[in-house]
Amino acid sequence: MGVLGHLYACISILLLAALSSATCFNPLSPGARQNAYDRPTTRFEIGAKRRKSARVLITLECTEARKLGLQPSRYYTSKNKANTPERLELMKYNKYLRRHTLHKEIR
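Going by the numbering used here, 98 is the number at position 98 of the sequence shown; the sequence numbering is gapless.
Please note that the accuracy of each hint is not assured.
[What the hints assert, rightly or not] Below 16 Å or equal to it, Euclidean Cα-Cα: the simulated EDC-like pairs (lysine to aspartate or glutamate) are: (1) 92 with 105; (2) 95 with 64; (3) 81 with 64.
Please keep in mind that the hints were generated in silico from the structure rather than gathered at the bench.
Kindly produce the complete structure, drawing on both the sequences and the hints.
In structure tokens, the structure reads:
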């Protein structure tokens with residue numbers, strides 16, 4: 001082994017000794033810089049709490065066909081309970097009576 005070989009061996013031994021005595025880097029230690037992925041998330045970063053949807057599915061049924069004992073026409077739609085808490089009443093086309101009739105929300 002030549003002089004260069006001994007020099008490389010000494011340097012590698014010194015580097016190993018220096019690295020083994022140094023403490024490991026802890027990314028969550030108080031002195032370490034934190035980015036958005038390291039720090040714990042707060043309620044505002046996760047997002048707001050999800051609410052139950054105010055929009056519900058309803059059935060509209062013809063009132064005139066029901067009175068006559070015929071097959072009622074039905075429409076399925078959705079409504080926002082926050083804006084319209086009462087039952088919905090709309091004029092819709094009844095294909096069995098072949099005219100527009102009053103349709104009311106049924107439960």
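Here is what the structure says about each hint:
In summary, the hint linking residue 92 to residue 105 is supported, as the alpha carbons are separated by about 12 Å, within the 16 Å threshold. Restraint check: the Cα-Cα separation between residue 95 and residue 64 comes to about 12 Å, which is no more than 16 Å; the hinted pair holds. Straight-line distance between C-alpha atoms of residue 81 and residue 64 comes to about 26 Å, which puts the hinted pair past the 16 Å bound.
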